[in-house]
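Trainee: Construct the complete structure from the given sequences, taking the supplied hints into account.
Protein chains: 2
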Amino acid sequence: MTKRRVFFISDRTGITAETLGESLLTQFPSADFERVHIPFVDNPAAAARAVAEIERASRDDDAPPLVFSTLTDDAIQNTITACCPNVFDLFGTFIGPLEEVLDIKSSHSMGRMHGIVDTTTYDRRLNALNYTLSHDDGLKPNGLDEADIVLLGVSRSGKTPTCLYLALHYYLKAANYPLAEEDFDRSRLPPTLAKCRDKLYGLTIVPEHLSRIRHERRASGNYASLAQCRREVSGAEALFRTENIPYLDSTTISIEEIAATIVRDMKLHRAAH
Amino acid sequence: MTKRRVFFISDRTGITAETLGESLLTQFPSADFERVHIPFVDNPAAAARAVAEIERASRDDDAPPLVFSTLTDDAIQNTITACCPNVFDLFGTFIGPLEEVLDIKSSHSMGRMHGIVDTTTYDRRLNALNYTLSHDDGLKPNGLDEADIVLLGVSRSGKTPTCLYLALHYYLKAANYPLAEEDFDRSRLPPTLAKCRDKLYGLTIVPEHLSRIRHERRASGNYASLAQCRREVSGAEALFRTENIPYLDSTTISIEEIAATIVRDMKLHRAAH
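Residue numbers (this note's numbering), protein chains in the order written: chain D, 89 to 361; chain Z, 89 to 361.
What the hints contain is simulated information worked out from the structure, not anything from laboratory work.
Heads up, a few of these hints could be off.
Which copy? The list can't say, so a pair holds if one copy fits it or any two copies do.
Stated by the list, open to error - Here are the simulated BS3-like pairs of lysine-lysine, each with C-alpha atoms no more than 30 Å apart in a straight line:
{"id": "1", "residue 1": "Lys-355", "residue 2": "Lys-287"}
{"id": "2", "residue 1": "Lys-283", "residue 2": "Lys-193"}
{"id": "3", "residue 1": "Lys-193", "residue 2": "Lys-91"}
{"id": "4", "residue 1": "Lys-228", "residue 2": "Lys-287"}
{"id": "5", "residue 1": "Lys-283", "residue 2": "Lys-355"}
{"id": "6", "residue 1": "Lys-228", "residue 2": "Lys-355"}
{"id": "7", "residue 1": "Lys-283", "residue 2": "Lys-228"}
{"id": "8", "residue 1": "Lys-355", "residue 2": "Lys-193"}
{"id": "9", "residue 1": "Lys-283", "residue 2": "Lys-91"}
{"id": "10", "residue 1": "Lys-355", "residue 2": "Lys-91"}
{"id": "11", "residue 1": "Lys-228", "residue 2": "Lys-91"}
Mentor: Written as structure tokens, this is what we have:
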């Protein structure tokens with residue numbers, strides 16, 4: 089299959105262009121795409137460089153390139169649109185209709201989304217991240233009062249990445265607590281966790297997958313054996329059911345999806361925007 | 089000004105709908121929006137609940153609500169479109185034209201973007217995050233050979249959040265090293281850093297802002313004093329200039345923007361997608 093070059097062009101970070109563009113591309117799993125990211129196209133010189141790159145691809149490739157753009161400056165957008173037949177103007181397509189619905193002119197200012205941040209949001213996000221880092225892996229179990237969410241699960245079930253994502257993306261104070269043998273033997277929650285029962289959420293994982301992940305971390309020992317992984321996972325799941333803790337299998341889903349599911353299930357909200 | 093309710097509706101996490109929707113809303117800074125997120129609208133019952141919520145808002149609010157949707161199922165999208173005049177179909181708007189350009193039918197499968205992930209990508213991301221966590225704040229300076237990027241800066245200049253974002257979003261192994269008095273006195277790079285000079289990137293910050301952040305962490309002491317912050321920041325910037333290390337002022341920009349700027353300046357790429 090012919091490889092198609094895909095350009096993501098933005099006047100700031102390119103996160104918006106990439107997010108929607110990639111989301112659209114995944115609907116064409118049989119196609120073969122080669123991505124080129126061109127962020128910070130916020131002046132005529134940068135626009136000219138982008139145009140030159142797109143024109144080179146149009147000349148060299150067997151199929152014409154695609155362009156996903158989020159440009160707030162009309163003149164720059166027009167330069168890009170003029171150089172290629174397949175430009176998807178992700179931003180401009182909606183800004184006109186939105187102006188009409190709202191009956192307000194848009195500010196046409198660049199990169200407000202990921203640009204300058206107000207101090208309250210900045211502090212909230214940083215506090216969430218600092219809290220999350222210092223309450224990873226059962227550290228400071230006495231500080232759980234302040235948590236927005238406490239994740240439980242066996243070692244390497246995905247707690248830490250999920251907590252960090254919850255902090256960075258949703259500005260939530262996300263603690264986590266590793267479940268271990270003694271918790272299963274007792275088949276009750278440790279007292280520190282019992283006190284914050286309404287913030288608990290479990291992560292589980294397919295034992296075979298867990299064993300593979302643990303093997304990669306430490307080559308040998310009982311820790312990564314399939315038998316041990318099976319025992320721990322079944323102990324954790326039994327505890328979640330006995331204690332009525334909602335839980336999710338993290339095996340085949342992305343960190344984004346685990347985090348969004350937890351936010352929905354626990355009726356949490358982004359702490360600030 | 090009348091408050092406008094804004095719905096973000098998606099069949100999966102809602103990240104795409106939120107990213108583009110928020111990006112569009114920031115172009116209307118004078119308007120007053122109230123956000124409602126409805127993720128995982130992937131079945132008729134969930135669609136009916138979403139419709140009921142939108143209809144309630146249409147009835148109760150002074151101005152009709154806006155809806156940003158990314159739904160891959162046409163029937164569900166039609167249900168939403170039928171209930172409200174101001175639906176912005178962020179996904180469907182482009183999928184038809186894309187099918188035409190590519191001359192392929194789209195798969196119409198839900199949530200591929202943030203859904204199931206392949207093992208290589210998953211491992212790469214997790215390895216990047218594990219590396220980043222264990223090379224935070226000058227830990228394990230002998231492991232810098234493996235780093236994709238090494239951030240330098242004074243304490244609380246934004247190194248840790250940026251590194252975590254680089255790991256989670258760009259799958260990069262991002263180490264960081266705190267610059268302190270002895271580095272400024274010597275006004276040369278410590279030997280461990282000199283060895284990986286081409287991976288170094290500096291963060292700086294306005295001393296007043298740094299002092300405020302440090303005050304919030306520890307109420308007293310010289311550490312947070314403006315004089316101390318000024319001394320450290322000017323020492324760090326002098327070192328960046330002497331050693332020809334590219335650097336960025338993190339004071340007023342978001343973590344997303346700092347990360348995207350570093351990726352661009354250092355000619356890095358997302359390690360996998």
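Trainee: All the hints need checking, so say for each whether the structure fits it.
Mentor: We went through each hint and held it up to the structure:
1. Lys-355 with Lys-287: within (11 Å within a copy, 42 Å between copies)
2. Lys-283 with Lys-193: Neither: 51 Å inside a chain and 53 Å across chains, both beyond 30 Å.
3. Lys-193 with Lys-91: For Lys-193 and Lys-91, only the inter-copy Cα distance (17 Å) is at most 30 Å; the intra-copy one is 40 Å.
4. Lys-228 with Lys-287: Only inside one copy: Lys-228 and Lys-287 sit 16 Å apart there, 34 Å across copies, limit 30 Å.
5. Lys-283 with Lys-355: within (19 Å within a copy, 49 Å between copies)
6. Lys-228 with Lys-355: within (25 Å within a copy, 39 Å between copies)
7. Lys-283 with Lys-228: Within one copy only: 14 Å inside a chain, 37 Å across chains, cut-off 30 Å.
8. Lys-355 with Lys-193: The answer is neither: 35 Å in one copy and 37 Å across copies each exceed 30 Å.
9. Lys-283 with Lys-91: neither (56 Å within a copy, 39 Å between copies)
10. Lys-355 with Lys-91: This pair counts as between: shortest inter-copy Cα distance 23 Å, intra-copy 43 Å.
11. Lys-228 with Lys-91: neither (52 Å within a copy, 42 Å between copies)
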